[in-house]
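Peer 1: Starting from the known structure of chain A, fit chain B onto it as the hints suggest.
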Amino acid sequence: GQQVMQIPQYQHVQEGEDFTTYCNSSTTLSNIQWYKQRPGGHPVFLIQLVKSGEVKKQKRLTFQFGEAKKNSSLHITATQTTDVGTYFCVEANDYKLSFGAGTTVTVRA
Amino acid sequence: DTAVSQTPKYLVTQMGNDKSIKCEQNLGHDTMYWYKQDSKKFLKIMFSYNNKELIINETVPNRFSPKSPDKAHLNLHINSLELGDSAVYFCASSQVGALAGELFFGEGSRLTVL
Chain A
1 GQQVMQIPQY QHVQEGEDFT TYCNSSTTLS NIQWYKQRPG GHPVFLIQLV
51 KSGEVKKQKR LTFQFGEAKK NSSLHITATQ TTDVGTYFCV EANDYKLSFG
101 AGTTVTVRA
Chain B
1001 DTAVSQTPKY LVTQMGNDKS IKCEQNLGHD TMYWYKQDSK KFLKIMFSYN
1051 NKELIINETV PNRFSPKSPD KAHLNLHINS LELGDSAVYF CASSQVGALA
1101 GELFFGEGSR LTVL
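In the order they appear, the protein sequences are chains A and B. So for the first sequence, this note's numbering puts the first residue at 1; every next one is plus one. So for the second sequence, this note's numbering puts the first residue at 1001; every next one is plus one.
With the rest of the complex left out, here is chain A (with noise of 0.2 Å):
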């Protein structure tokens, strides 16, 4: 089953705010992916986080790996219409990524 949880669901952000999106495992992970599915399109990676506490930022993007090893947070600042998707997380596991259930995300102009 579905080992790594996201919540929020949903996020509806006012441009130009920040949001925090969350991902959540009971077991330790290995590595911990990130990936962004625009409405109509398919998944795209965004980055991947593999040591403990590591944090990783992507122009607005700010990626975090927890120091357990056990949650991860994707935070983005100044939200632009463009930020418009289903952000997922993604547990990698021997030939096996595993995808949290997403956080979409709307954004009011």
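No lab work stands behind these hints, which were simulated from the structure alone. Quick caveat, the model's predicted, so the values are computed rather than measured. By construction, the Cβ of each residue, glycine as well, lies at the ideal position given by its N, Cα and C atoms. Some hints could be false.
[What the hints assert, rightly or not] Quick list of in silico lysine to aspartate or glutamate cross-link-like pairs, EDC-like style, CA-CA up to 16 Å:
| id | chain 1 | residue 1 | chain 2 | residue 2 |
| --- | --- | --- | --- | --- |
| 1 | A | Lys96 | B | Glu1053 |
| 2 | B | Lys1071 | B | Glu1053 |
| 3 | A | Lys96 | B | Glu1082 |
[Said to hold, decoys possible] Heads up, incomplete: computed chain A residues facing chain B, CB under 7 Å, no partners named:
| id | residue |
| --- | --- |
| 4 | Pro39 |
| 5 | His42 |
| 6 | Pro43 |
| 7 | Phe45 |
| 8 | Thr86 |
| 9 | Lys96 |
| 10 | Phe99 |
| 11 | Ala101 |
[Claimed, not checked] Coverage of chain B stretches by chain A, computed from C-beta distances (three or more under 8 Å per stretch; other residues unrestricted):
| id | segment |
| --- | --- |
| 12 | 1015-1021 |
| 13 | 1072-1078 |
Peer 2: Below, chain B without anything else, positioned relative to chain A:
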């Protein structure tokens, strides 16, 4: 050049029919996958192949039969289609198993069973 291409993009068919979806990747990857995405956007892995060998079969009904003639191709054949099979099916590939890096997805094949 499209890295992972799957055909057809859309499939509309009657219950009980048999259909196939083809997938090809030109990235030189060793591992290919089929994922099913339901109406709630949940992505579930169905199969994983590494160098033409089946690695993962996630309790998918026997009506679903993947075939990998070579490591660049992974096709999906579905027998006796049911209403619950309606979904978007994504093919993906990665280099040497998931831990090596990212998944590259095809654009998806939307299957509608009437």
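Peer 1: Now tell me if each hint is right for this structure.
Peer 2: Results for each hint:
1. With a C-alpha separation of about 14 Å, the suggested pairing of Lys96/A with Glu1053/B holds against the 16 Å cut-off.
2. The straight-line distance between the Cα atoms of Lys1071/B and Glu1053/B is roughly 9 Å, inside the 16 Å bound, and the hint therefore holds.
3. For the hint pairing Lys96/A with Glu1082/B, the CA-to-CA distance comes to about 26 Å; that exceeds 16 Å, so the pair is violated.
4. A distance limit of 7 Å between C-beta atoms decides the matter here; for Pro39/A the minimum to chain B is near 10 Å, and the interface restraint is violated.
5. With its C-beta approaching chain B no nearer than about 4 Å, His42/A sits inside the 7 Å limit, and its interface hint holds.
6. Hint status for Pro43/A: holds, given a least beta-carbon distance of 5 Å to chain B, under 7 Å.
7. The criterion of a C-beta within 7 Å of any C-beta in chain B is met by Phe45/A, whose closest approach is roughly 4 Å, and the hint holds.
8. Hint status for Thr86/A: holds, given a least beta-carbon distance of 6 Å to chain B, under 7 Å.
9. Checking Lys96/A against chain B: minimum C-beta separation of about 5 Å stays under 7 Å; hint holds.
10. Taking 7 Å as the C-beta cut-off, the interface hint given for Phe99/A holds, the closest approach to chain B being about 4 Å.
11. With 7 Å as the threshold, the beta carbon of Ala101/A comes within range of chain B, its nearest partner Cβ sitting at about 6 Å, so the hint holds.
12. Note: the segment 1015-1021 of chain B has 0 residues with beta-carbon separation from chain A under 8 Å; the three-residue rule is not met and the coverage is violated.
13. With 0 residues carrying a beta carbon less than 8 Å from a beta carbon of chain A, the segment 1072-1078 of chain B misses the three-residue requirement, and the given coverage is violated.
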